[in-house]
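A.B. asks: Each chain is listed here by its residues.
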Amino acid sequence: MSLNIRLVVNGRRHTAKINPATSLLDFLRDTLGYKGVKICCNTGECGACTILFNGKPVNSCVVLAADAAGAEIVTVEGLAEGDRLHPVQQAFIDTGAVQCGYCTPGFIISVKALLDRTKNPTAEEIEEAVSGNICRCTGYTKIVDAIQIAAERLQARS
Amino acid sequence: MDYFEPKTIREAVSLLARYGEKAKVIAGGTDVLVDMKFKEEPSCLVNIKRIPALSYIREDDGFLRVGTLTPIREIETSSLVRQKLPLLWEAAHQFASLQIRNTATIGGNVCRASPSGEMLAPLLVLEASAVARFSRGEKKLPFGELFLGPGQTLLGSKGLLTEIEIALPPERSGSVYLKHAVRGAMDIAMVGVAVLLTPDAGGKKAKDVRIGLGAVAPTPIRAKSAEKALRGKAMARAVVEEAARRAAADAKPITDHRASAEYRRWIVEALTRKGLAQAWKAATGKEVDR
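Residue numbers (the working numbering), protein chains in the order written: chain Y, 1 to 158; chain S, 1 to 290.
In case anyone wonders, no lab produced these hints; they're calculated from the structure. Hints are not guaranteed to be accurate.
[Stated by the list, open to error] As a list, the in silico EDC-like pairs of lysine to aspartate or glutamate whose alpha-carbon atoms are at most 16 Å apart:
{"no.": "1", "chain 1": "S", "residue 1": "K139", "chain 2": "S", "residue 2": "E165"}
{"no.": "2", "chain 1": "Y", "residue 1": "K56", "chain 2": "S", "residue 2": "E165"}
{"no.": "3", "chain 1": "Y", "residue 1": "K56", "chain 2": "S", "residue 2": "E76"}
{"no.": "4", "chain 1": "S", "residue 1": "K281", "chain 2": "S", "residue 2": "E171"}
{"no.": "5", "chain 1": "S", "residue 1": "K37", "chain 2": "Y", "residue 2": "D26"}
On a predicted model such as this, the values are computed, not experimentally measured, just so you know.
Next comes chain S alone, as it looks inside the complex:
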């Protein structure tokens, strides 16, 4: 196995250009090392951990920027994230175990592109962008287009993710991330639901609603028809229940050892209903009307 520790982004990108599909990028390593032990050792390993200044969380003119090497634990313990992006905090807090959160990076979780990746549905509803470097320059890839399938992203084998850019949601919005798993810690989500809801100025209607679903399709997805059913509507229980049913229909789950497709749809419906009620309460302080 060839092994490299590039010291600059440029050096890393040129290694990826040279080795293409043969190269595997490693950051925290919590997924890559498991593959190396139990599946296959890559013919070239590019360890990007020694590139300086890729671990940061900073606010910048309406955006929060998170460096690709930022450990999940740094996100969880950042007061800036807690205050400005409670949704991202929640996802980080529910991520695996403390030991893994100390090691795993946000960039690794994104590039792994697992349908159940804990940070992905939240980043999808936040309409984040992946800032990536290619040999021809930088590209900004919106999360809505980034994921192509399990383990597949627009980065391909040549792009290096450098930063996650997140526009801060309106201050009066409310959000929640709900995960369904057998065990709280160290368990992969059977279903994850992220909700970001912005009420109108009167606090009666849903002005903007975004619902992200994890682990129920080949990529994390938005529940578009559920969102549409709520947009501009007064937040009444019947409307919420209809949206939750639509979210279950928007999901494209499979049956595997963790749960059946049918069960996953039920959970999507239940978590969407609950998530909408909680996000509405977080935004307005009110319960959903009967």
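Bound-form chain Y, shown alone:
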């Protein structure tokens, strides 16, 4: 059995025929080619596959692709404007918050969601925002630095 769905990813419209058992993660990576969405635990625990679903961060590995019919999805590929990186991406680079980089797209999406809902996050809000994202390299300190810098830069810009 197959299902036709329409959705918007990073501002672009897509129509596709899917197997209804497919996860949104597999659909985004394998059918649409958004490889910035990372597959890791595949059980909703590590946050590497985090995307924005109608503006909210979710683990795409535990969402049915069928549920994305009519939805607006943002992946890490949708943040930069041409060659200009999103302030959150630039802050991760500037602070060295990236080592192997595998968890980074998920972190960046969680942070984008945080800064969309709060301009001036507290230390507690920062911790909560990324507590569903696991990084095995950095020890998190540089990531928290990056989030603070990104928040400051975004505030200065607005």
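Chain S: place on chain Y using the hints.
C.D. replies: Same frame as chain Y, but now just chain S:
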């Protein structure tokens, strides 16, 4: 795999009647999708997410009603819940991660009937009811009877949970939900303890005490003998300590990869003691007497 997106409760219930045990209901999907990937794909998947108007939180004449498709995050961010049911807020706040809270639904957490399900011990002490639709009509199932075992509820394969109905506790009551896990986020509770305590008018004695235990029996349970030890008693430290010991005896834990049965009993005792003291303080502003 057959796949359906019913648009009405009636349509969903008739699909469940037709497919019975073969059908799997999916809402948020945070548990069901993991099973589909690593265990088995059901022969029929009934996705209830497209049924409109099943996501809501509303106050109604002494009750709070929460629609089955309400995401945990909506409960966490609801000022109504924060104000009227701090216990439910606390459980929602400690639930998995932000990403999962945005996806997982209260109905899914209830129907999953995991002994460690974060919302279950709190709903048990709130004496909530599950409003369910069967092909023959609606039934209201009290949480005290709802759970039959891990993954098993009175809903069976034919019932569809539509709403959680929670009577608002007395305003002067105090409550707390304590969870013991290795990591704050994304970790399943080794033990969860929910306490709801209503003092008498004088603020000296415990008029009504309800203690719910999670992850220490095949279903979430009430620590009945601990509750009995406190009811009508002045809240003194010795009484609280005795109740905590009884709660540990009320628990029926198993040993698994998360913790041993013995360790779980210790944690039940410690969290019950702490939970009673905190709930008493929340209700009366006072410490438990020495």
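A.B. asks: With reference to the structure, classify each hint as holding or not holding.
C.D. replies: Quick rundown of the hints versus the structure:
| no. | hint | result |
| --- | --- | --- |
| 1 | S:K139 - S:E165 | 12 Å, holds |
| 2 | Y:K56 - S:E165 | 27 Å, violated |
| 3 | Y:K56 - S:E76 | 14 Å, holds |
| 4 | S:K281 - S:E171 | 14 Å, holds |
| 5 | S:K37 - Y:D26 | 11 Å, holds |
Of the numbered hints stated above, the single one contradicted by the structure is hint 2.
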